[in-house]
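A.B. asks: Sequence:
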Amino acid sequence: MDNKNLPKKEEASVNGIKGELTYDDKVIQKIIGIALESVDGLLTVEGGFFSNVANKLVNREDVTTGIDVEVGKKQVAVDLDVVTEYGRDIAALYEKIKEVISREVEKMTSLKVVEVNVTVTDVKSKEQYEEDSTTVQDRLSDATESISNFTSEQTEKAKKMANNGVAKAKDATEARVQ
1 MDNKNLPKKE EASVNGIKGE LTYDDKVIQK IIGIALESVD GLLTVEGGFF
51 SNVANKLVNR EDVTTGIDVE VGKKQVAVDL DVVTEYGRDI AALYEKIKEV
101 ISREVEKMTS LKVVEVNVTV TDVKSKEQYE EDSTTVQDRL SDATESISNF
151 TSEQTEKAKK MANNGVAKAK DATEARVQ
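For the sequence shown, UniProt numbering begins at 1 and goes up steadily by one.
These are computed hints drawn from the structure, not numbers from a lab.
Source: prediction; values computed, not measured.
Think of the CB as a built atom: it goes at the ideal place given N, C-alpha and C, for glycine as much as any other residue.
Mixed in with the good hints, there may be bad ones.
What the hints assert, rightly or not - Calculated lysine-lysine pairs in the DSSO-like style (CA-CA distance at most 30 Å, straight line): (1) Lys170 <-> Lys157; (2) Lys107 <-> Lys18; (3) Lys96 <-> Lys124; (4) Lys112 <-> Lys26; (5) Lys73 <-> Lys98; (6) Lys157 <-> Lys168; (7) Lys30 <-> Lys73; (8) Lys107 <-> Lys30; (9) Lys98 <-> Lys126; (10) Lys73 <-> Lys18; (11) Lys170 <-> Lys112; (12) Lys124 <-> Lys26; (13) Lys107 <-> Lys74; (14) Lys30 <-> Lys74; (15) Lys170 <-> Lys160; (16) Lys98 <-> Lys112; (17) Lys98 <-> Lys30; (18) Lys18 <-> Lys112; (19) Lys107 <-> Lys96; (20) Lys98 <-> Lys74; (21) Lys112 <-> Lys74; (22) Lys98 <-> Lys124; (23) Lys73 <-> Lys107; (24) Lys107 <-> Lys26; (25) Lys26 <-> Lys98; (26) Lys112 <-> Lys73; (27) Lys30 <-> Lys124; (28) Lys126 <-> Lys26; (29) Lys170 <-> Lys159; (30) Lys96 <-> Lys112; (31) Lys18 <-> Lys74.
What the hints assert, rightly or not - Ranges of calculated distance between the beta carbons of each label pair, as one might list FRET restraints: (32) Glu156 <-> Ser133: 29 to 39 Å; (33) Ser146 <-> Asp171: 31 to 41 Å; (34) Ser125 <-> Gly16: 51 to 61 Å; (35) Asp132 <-> Ala158: 38 to 48 Å; (36) Thr151 <-> Ile34: 36 to 46 Å; (37) Ile34 <-> Lys157: 45 to 55 Å; (38) Thr151 <-> Thr173: 24 to 34 Å; (39) Lys18 <-> Tyr86: 47 to 57 Å.
Construct the entire structure; sequences and hints are all you get.
C.D. replies: If you want it as structure tokens, here you go:
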């Protein structure tokens, strides 16, 4: 899929007023991301390890992560990588994903969704997914704390060495003066 971030346009003419209605890819991605939150059995839309880690580091949710779209003048195509809940009927889940995306995009933009490609990258129990998410976040928090502690220790050592150097230089200067 060609991932251009250029605005997409739909022509409009009402009562002789001409113009274009434009949807940026991010708008369509956001509509889809919010709509997918209601799909039971869909654990996450994957944007790759680093984008998920980044979201946890800055403690924000980006519902557009992992959603690629192609927006034309009248149509939309969507690509998603997802993790589904273990034990679910994935084919039925796929149909639900298509239905929700199509309904919400068409309702809000009047654009027709002509293609929804979903790649299931993993299946996990809800417990395993939550544990994995927490584990990654905890590891990052622990690593950040360790780096912070190490930096503080090194700063203190540098201060002590600098103070010792200043004291020795002062003593040496005073000895020469006498």
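A.B. asks: Look at each hint and say if it fits the structure.
C.D. replies: How the hints compare with the structure:
1. With a C-alpha separation of about 20 Å, the suggested pairing of Lys170 with Lys157 holds against the 30 Å cut-off.
2. With a C-alpha separation of about 23 Å, the suggested pair Lys107 and Lys18 falls inside the 30 Å cut-off, and the hint holds.
3. For the suggested pair Lys96 and Lys124, the alpha carbons sit about 19 Å apart, so the restraint of at most 30 Å is met.
4. Proposed proximity of Lys112 and Lys26 is supported: the alpha carbons are some 17 Å apart, at most 30 Å.
5. In summary, the hint linking Lys73 to Lys98 is supported, as the alpha carbons are separated by about 20 Å, within the 30 Å threshold.
6. In summary, the hint linking Lys157 to Lys168 is supported, as the alpha carbons are separated by about 16 Å, within the 30 Å threshold.
7. Among the hinted pairs, Lys30 with Lys73 is consistent with the structure: their alpha-carbon atoms are about 18 Å apart, no more than 30 Å.
8. For the given pair, Lys107 sits about 14 Å from Lys30 by alpha-carbon distance, which is consistent with the 30 Å threshold.
9. Under the criterion of a C-alpha separation no larger than 30 Å, the hint pairing Lys98 with Lys126 is consistent with the structure, at around 22 Å.
10. Between the alpha carbons of Lys73 and Lys18 the distance comes to roughly 15 Å, so the proposed pair stays at or under 30 Å and holds.
11. The hinted pair formed by Lys170 and Lys112 fails the criterion: a straight-line CA distance of about 79 Å is larger than 30 Å.
12. About 28 Å separates the Cα atoms of Lys124 and Lys26, which keeps this hinted pair within 30 Å; it holds.
13. Distance hint between Lys107 and Lys74 is fulfilled; the C-alpha atoms sit about 13 Å from each other, no more than 30 Å.
14. Proposed proximity of Lys30 and Lys74 is supported: the alpha carbons are some 18 Å apart, at most 30 Å.
15. Under the criterion of a C-alpha separation no larger than 30 Å, the hint pairing Lys170 with Lys160 is consistent with the structure, at around 15 Å.
16. For the hint linking Lys98 to Lys112, the alpha-carbon distance of about 12 Å falls within 30 Å, and the restraint holds.
17. Proximity of Lys98 to Lys30 is assessed by CA-CA distance (about 15 Å); at most 30 Å being required, the pair is judged to hold.
18. The suggested pairing of Lys18 with Lys112 holds, with an alpha-carbon distance near 22 Å, which does not exceed 30 Å.
19. The straight-line distance between the Cα atoms of Lys107 and Lys96 is roughly 16 Å, inside the 30 Å bound, and the hint therefore holds.
20. Proposed proximity of Lys98 and Lys74 is supported: the alpha carbons are some 17 Å apart, at most 30 Å.
21. About 6 Å separates the Cα atoms of Lys112 and Lys74, which keeps this hinted pair within 30 Å; it holds.
22. Restraint check for Lys98 and Lys124: satisfied, since their Cα atoms lie roughly 21 Å apart, inside the 30 Å limit.
23. Taking the CA atoms of Lys73 and Lys107, the gap is about 16 Å. The hint holds against a cut of 30 Å.
24. This hinted pair checks out: Lys107 and Lys26 have alpha carbons roughly 17 Å apart, not beyond 30 Å.
25. Proximity of Lys26 to Lys98 is assessed by CA-CA distance (about 19 Å); at most 30 Å being required, the pair is judged to hold.
26. Our distance criterion of 30 Å between C-alpha atoms is met by Lys112 and Lys73, whose separation comes to about 10 Å.
27. Distance hint between Lys30 and Lys124 is fulfilled; the C-alpha atoms sit about 25 Å from each other, no more than 30 Å.
28. Taking the CA atoms of Lys126 and Lys26, the gap is near 28 Å; set against the 30 Å cutoff, the hint holds.
29. As the CA atoms of Lys170 and Lys159 are separated by approximately 16 Å, the hinted pair is consistent with the 30 Å bound.
30. This hinted pair checks out: Lys96 and Lys112 have alpha carbons roughly 17 Å apart, not beyond 30 Å.
31. About 17 Å separates the Cα atoms of Lys18 and Lys74, which keeps this hinted pair within 30 Å; it holds.
32. The hinted window of 29 to 39 Å between Glu156 and Ser133 holds, with their beta carbons roughly 35 Å apart.
33. In this structure the hint that Ser146 and Asp171 lie 31 to 41 Å apart at CB holds, the actual value being about 38 Å.
34. For the hinted restraint 51 to 61 Å between Ser125 and Gly16, the CB-CB distance of approximately 59 Å keeps it satisfied.
35. A hinted range of 38 to 48 Å holds for the C-beta pair Asp132 and Ala158, which are about 39 Å apart.
36. At roughly 39 Å, the beta carbons of Thr151 and Ile34 sit within the given window of 36 to 46 Å.
37. At roughly 50 Å, the beta-carbon separation of Ile34 and Lys157 lies within the given 45 to 55 Å, and the hint holds.
38. The hinted range of 24 to 34 Å is satisfied by Thr151 and Thr173, whose Cβ atoms lie roughly 33 Å apart.
39. Checked against the hint of 47 to 57 Å, the C-beta distance between Lys18 and Tyr86 comes to roughly 53 Å, which is consistent with it.
Against the hints set out earlier in the document, a violation occurs for number 11 only.
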